[in-house]
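Going by our numbering, the sequence shown opens with residue -2, and the numbers climb by one from there.
Among these hints, one or two may not hold up.
[Stated by the list, open to error] Below 25 Å or equal to it, Euclidean Cα-Cα: the simulated SDA-like pairs (lysine to any residue) are:
hint : residue 1 : residue 2
1    : 183       : 235
2    : 127       : 110
3    : 228       : 103
4    : 127       : 65
[Unchecked claim] Now the in silico label distances, taken between C-beta atoms and shown as ranges:
hint : residue 1 : residue 2 : range
5    : 85        : 155       : 26 to 32 Å
6    : 69        : 142       : 39 to 45 Å
7    : 111       : 210       : 24 to 30 Å
8    : 169       : 224       : 29 to 35 Å
9    : 218       : 142       : 46 to 52 Å
10   : 205       : 61        : 36 to 42 Å
11   : 223       : 165       : 28 to 34 Å
12   : 234       : 165       : 19 to 25 Å
13   : 169       : 196       : 20 to 26 Å
For the record, the hints were derived by calculation from the structure and aren't laboratory data.
Idealized CB from N, CA, C, for every residue including glycine.
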Amino acid sequence: MNQAIEASKRNKKIKVRRIAMRSASLAACLLLGFTIGVNSSESFAKTVQDIPVLGGFAKVVTVRSYQENTKDQSVDVEIPEVKIVKEKSTSFTKEVNAQINKMCDQYVKEAKVRANDYRQAFIKTGGTEKEWKAHDITIQVGYEIKSQRNNILSFVINGTENWTSAYSMGKYYNVDIKSGRFITLKDVLGSNYIAIANKSIKQQMAELQKKDKDLTFWSAKEGGFTTINEKTPFYLDQEWNL
């Protein structure tokens, strides 16, 4: 993929984020990269308009963090949990936290196996221990809070392996703690959310191309953007934009 990108640059034609395997994957990248106002949905706008920027009902905090350093690899992990302030955890928050904890542990476990397999293949094909050490193999798991307003939280869990991007993890959570449910694109944009999001994304793609004549997006036939769906990842920023 990197070679293809470099070739495109040489031809002064940039193919932006080609993810030809699944159109839905590209839709996720595009939706996360563009901005759509939540005012598209009157009901959701009314729900959030009075919520303070920093509320006191729930928040995302680090529940567990650790580092492991061996001669073969380094591991740096920071696992979050949803915490209800001054009240007991609900069954919903317990379920979300258990899911996050399991997912993070599983990612680290599998990443260690991949790193070990990579090391064995590297040594077997003539690499030296000194050369391997220079690779500075690092596994990281962490999180980023996108918005945190009283009972509505939006955050992402990230997992990376510095020797490959093929197994990177990005799990987005948008939760309404008081109602005990996940917020959906339909909640945010209304019943016509697919058409609204698609229109906004295509308009912004066109605007980007007007600003940069060398910018070219892959066509639908090439695996480029076609449409979002109910499973397309998203997050809400502090201004309540997607």
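Evaluated hints:
Between the alpha carbons of residue 183 and residue 235 the distance comes to roughly 19 Å, so the proposed pair stays at or under 25 Å and holds. Restraint check: the Cα-Cα separation between residue 127 and residue 110 comes to about 21 Å, which is no more than 25 Å; the hinted pair holds. For the suggested pair residue 228 and residue 103, the alpha carbons sit about 22 Å apart, so the restraint of at most 25 Å is met. Only pairs whose Cα atoms come within 25 Å are accepted, and residue 127 paired with residue 65 is accepted, the gap being roughly 20 Å.
In this structure, residue 85 and residue 155 meet the distance hint of 26 to 32 Å, their C-beta atoms being roughly 29 Å apart. Separation of residue 69 from residue 142 is about 32 Å and departs from the stated range, judged on CB atoms against 39 to 45 Å. Checked against the given bound of 24 to 30 Å, the beta carbons of residue 111 and residue 210, roughly 41 Å apart, lie outside it. One distance hint, 29 to 35 Å for the beta-carbon pair residue 169 and residue 224, is violated here, with the actual separation near 18 Å.
Hint check: residue 218 to residue 142, Cβ distance near 38 Å, so the stated range 46 to 52 Å is violated. Checked against the given bound of 36 to 42 Å, the beta carbons of residue 205 and residue 61, roughly 40 Å apart, stay inside it. Checking the proposed 28 to 34 Å range against residue 223 and residue 165 shows it is violated: the Cβ atoms sit about 23 Å from each other. With their beta carbons about 21 Å apart, residue 234 and residue 165 fall inside the hinted range of 19 to 25 Å.
Between residue 169 and residue 196, the C-beta spacing of about 22 Å keeps the proposed range 20 to 26 Å intact.
Hint compliance for this structure: hints 6, 7, 8, 9, 11 are not met, and every other hint is.
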